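Note that the protein sequences, when read in sequence, are chains H and Z.
Counted the way our numbering counts, the first sequence spans residues 1 to 334.
Counted the way our numbering counts, the second sequence spans residues 1001 to 1293.
In case anyone wonders, no lab produced these hints; they're calculated from the structure.
Computed from a predicted structure; not experimentally measured.
All residues carry an ideal CB built from backbone N, CA and C; glycine is no exception.
Treat each hint with caution, since some may be false.
Once the Cα atoms are required to be at most 27 angstroms apart in a straight line, the calculated BS3-like pairs of lysine-lysine come out as [to be verified]:
| no. | chain 1 | residue 1 | chain 2 | residue 2 |
| --- | --- | --- | --- | --- |
| 1 | H | LYS280 | Z | LYS1234 |
| 2 | H | LYS138 | H | LYS164 |
| 3 | H | LYS42 | H | LYS216 |
| 4 | H | LYS153 | H | LYS138 |
| 5 | H | LYS320 | H | LYS73 |
| 6 | Z | LYS1026 | Z | LYS1004 |
| 7 | H | LYS79 | H | LYS138 |
| 8 | H | LYS280 | Z | LYS1245 |
| 9 | H | LYS280 | Z | LYS1256 |
| 10 | H | LYS142 | H | LYS164 |
| 11 | Z | LYS1245 | Z | LYS1009 |
| 12 | H | LYS288 | Z | LYS1202 |
Residues of chain H placed beyond 12 angstroms of chain Z at every Cβ, according to the derived structure [to be verified]:
| no. | residue |
| --- | --- |
| 13 | ARG63 |
| 14 | LEU77 |
| 15 | THR123 |
| 16 | ASN126 |
| 17 | ASP139 |
| 18 | SER171 |
| 19 | ARG255 |
| 20 | ARG268 |
| 21 | ARG281 |
| 22 | PHE301 |
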Amino acid sequence: MTEHNTQPDYVLQVQDLSVVFDTIDGRTEAVRDVSFDLERGKTLALVGESGSGKSVSSFAVLRLIQRPGKITKGRILFKESKDAEPLDLAALSEKDPRLFNVRGGKISMIFQEPMTALSPVHTIGNQLCEAILLHVTKDKKKAEELAVEMMNKVGIPEPRARLKQYPFEFSGGMRQRVVIAMALVCQPAIVIADEPTTALDVTVQAQILGLINDLKSEMNTSVLFITHDLGVVAQVADNVVVMKTGRIVERAPVRELYHEPYHPYTRRLIAAVPHVGYEKRRRQLLEKIGLPDGAPEGYGFTEPAGQHGLTPHYHKFGNKRELLLWPVQQGVMV
Amino acid sequence: MSEKERLLKVRGLCKYFPLDNKRHGKVFKAVDDVSFDVHRGQTLGIVGESGSGKTTCARTILRALAPTAGIAEFTNKGRTVELSTLPERKLKPLRREMQMIFQDPFASLNPRMTVGEIVAEPLLIHRIGSRSERQDKVVQMLERVGLEANHRNRYPHAFSGGQRQRIGIARALILRPSLVVADEAVSALDVSVRAIVLDLLKELQAEMGLTYLFVSHDLSVVRQVCDYIVVMRKARIVEMGETEKVYNDPQHPYTKALLSAIPLPDPDSRMNPIDIDSLDESELDPIAYSFAD
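Please construct the entire structure, taking both the sequences and the accompanying hints into account.
In structure tokens:
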């Protein structure tokens, strides 16, 4: 720990990832040339509306893209510890044991709907221990102890008794706590949280967000947080990636993004948070704005219509901020 | 608020569900002694967490559930009807005037009916118009909610969530009702689609003079669309009032706790939610409201 390294320690680096779905209606490019980095111990939020490719990107990290979808391009570099050799998850074969090791063990997932994420016919204890027995220990007694400890950590009262209960005996918030316990019980390096609070009441949402933040710092886990709620992002994220129709349109540290969102789409998303006492800011955000200072000439925010095969350009502002820009056609104003 | 015309008067409405052993007479109180007024052209929001009884309350008013006690007076077309005791036979013609928009745009549309059949069904049930008149009305209504005439031959699966909710809205409005109950009507939609559907609902309200009873757990949405809100907790109304007033100056500790839990869209101010469980139950007694009649 004496050595101070200025080089950021990335637990996950996604580079030029593309995912396509081949259907009878043709090919859909769900994710196009997406790159993002997740720093160890930090939270990166992937933001966008449905269809923006945020969930597909995160599923691709775990190689959970099912046919007819496939990863056509890109690398997914996972570094379990600071000095470990990066492992390219995109290059692993479907049956590679290292992939099984990563899934659920080193990278785990918290799903949106706590009712469908849990099996209704197995006890909570049964489901929690399943992950432990698979990834941590083969000893059933130890597994149960670990499960109890984890239930305690996520704030479920009387964990030993509740292990014997079924999901329907839990409220929505408690179920989501169970799902979080399941995701964290193997001490993963990364947790992917896919809209973990969307199905919950605001009061419960506040508790769960607090819980995820606490556990993150306690266990030094990195979080990939997927959501459409820019209010939630402001509360949990360190860095933000904004996606639209399969591409990243803006990427920035959370403060910079909220203080001065560059892309019109980002501005609209932030304006869509109907927070109390927010009218003035909302009007400001919806005003039409031009390109930010320092943007190159001859580029605009929108993809020129009818011009296929144009490549967009990612312009860097400083070393952490990036914006997707398209070359402007001659004589056409944006 | 007395100058405005009252459409709905709810007084002491209760809905109890018997618990498993009836002989013991134990009941679960889903709605307990609820009273409020809804005025014509207004949007009244019922907010609360899941399990607070807001949906049951709306359904009991519409007599989708039989109330245990209390009254719900509906004043429309120059007559006042007491809904809670009305026999089923007299209720059916009244249902034309009260329609419902449901939460889940996937579950609330029959996958085996075309959109045209779905939207025309209320007309058929109430025997309104000839076949061609109904067709015209359906096309008009579809276009009004932002769909196209040729969409009526397609099935629900061919539509996105936002489009399906438009179909649900068309079905609810084709009878030209006075009162529309929207039960979590935009909860299942994406933020951007949600904003568009809310705008549509507002437009239609102005155009058709609709009164909305808007049930939602989403405080931000409620603030956007409601003139007046009712906050429910554990089957009872704890606070009510004009929306801006309640949001800017909440009186009840529960309302304060709810509002404090909305995530701020600002990374520099961490939210500091009040923990409801830490409050003493005695502090959470509902605010008592009295009504002139």
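Evaluation of the provided hints:
The straight-line distance between the Cα atoms of H/LYS280 and Z/LYS1234 is roughly 35 angstroms, outside the 27 angstroms bound, and the hint therefore fails. With a C-alpha separation of about 20 angstroms, the suggested pairing of H/LYS138 with H/LYS164 holds against the 27 angstroms cut-off. Using a Cα cut-off of 27 angstroms, the hinted pair H/LYS42 and H/LYS216 holds, with the two alpha carbons roughly 8 angstroms apart. About 22 angstroms separates the Cα atoms of H/LYS153 and H/LYS138, which keeps this hinted pair within 27 angstroms; it holds.
Taking the CA atoms of H/LYS320 and H/LYS73, the gap is near 24 angstroms; set against the 27 angstroms cutoff, the hint holds. A threshold of 27 angstroms between alpha carbons decides the hint, and for Z/LYS1026 with Z/LYS1004 the separation of about 41 angstroms lies outside it, so the pair is violated. At roughly 26 angstroms between alpha-carbon atoms, H/LYS79 and H/LYS138 fall within 27 angstroms of each other, so this suggested pair holds. Between H/LYS280 and Z/LYS1245 the CA atoms are separated by roughly 18 angstroms; this keeps the pair inside 27 angstroms, and the hint holds.
With a C-alpha separation of about 23 angstroms, the suggested pairing of H/LYS280 with Z/LYS1256 holds against the 27 angstroms cut-off. Annotation: proposed proximity of H/LYS142 to H/LYS164 holds, straight-line Cα distance about 16 angstroms (limit 27 angstroms). Simply put, Z/LYS1245 and Z/LYS1009 have alpha-carbon atoms about 22 angstroms apart, close enough for the 27 angstroms limit, and the pair holds. For the hint linking H/LYS288 to Z/LYS1202, the alpha-carbon distance of about 25 angstroms falls within 27 angstroms, and the restraint holds.
Listed as a non-interface residue, H/ARG63 keeps its Cβ farther than 12 angstroms from every Cβ of chain Z; the least gap is roughly 26 angstroms. With a least CB separation of 28 angstroms from chain Z, H/LEU77 remains clear of the 12 angstroms interface cut-off, as annotated. Every CB of chain Z is more than 12 angstroms from the CB of H/THR123 (nearest about 23 angstroms), matching its label as outside the interface. With a least beta-carbon separation of about 26 angstroms from chain Z, H/ASN126 lies farther than 12 angstroms from that chain, consistent with its non-interface assignment.
Every C-beta of chain Z lies more than 12 angstroms from that of H/ASP139, the closest at about 36 angstroms, which supports listing it as non-interface. Listed as outside the interface, H/SER171 is inconsistent with that label: its C-beta sits roughly 8 angstroms from the nearest C-beta of chain Z, within the 12 angstroms cut-off. The Cβ of H/ARG255 sits about 5 angstroms from the closest Cβ of chain Z, inside the 12 angstroms cut-off, so the non-interface label is violated. H/ARG268, annotated as away from the interface, has a beta carbon of chain Z within 12 angstroms; the closest lies near 7 angstroms.
A beta-carbon of chain Z is positioned within 12 angstroms of the beta-carbon of H/ARG281; the least distance is around 8 angstroms. Listed as a non-interface residue, H/PHE301 keeps its Cβ farther than 12 angstroms from every Cβ of chain Z; the least gap is roughly 17 angstroms.
Comparing the model with each numbered hint stated earlier shows that hints 1, 6, 18, 19, 20 and 21 do not hold.
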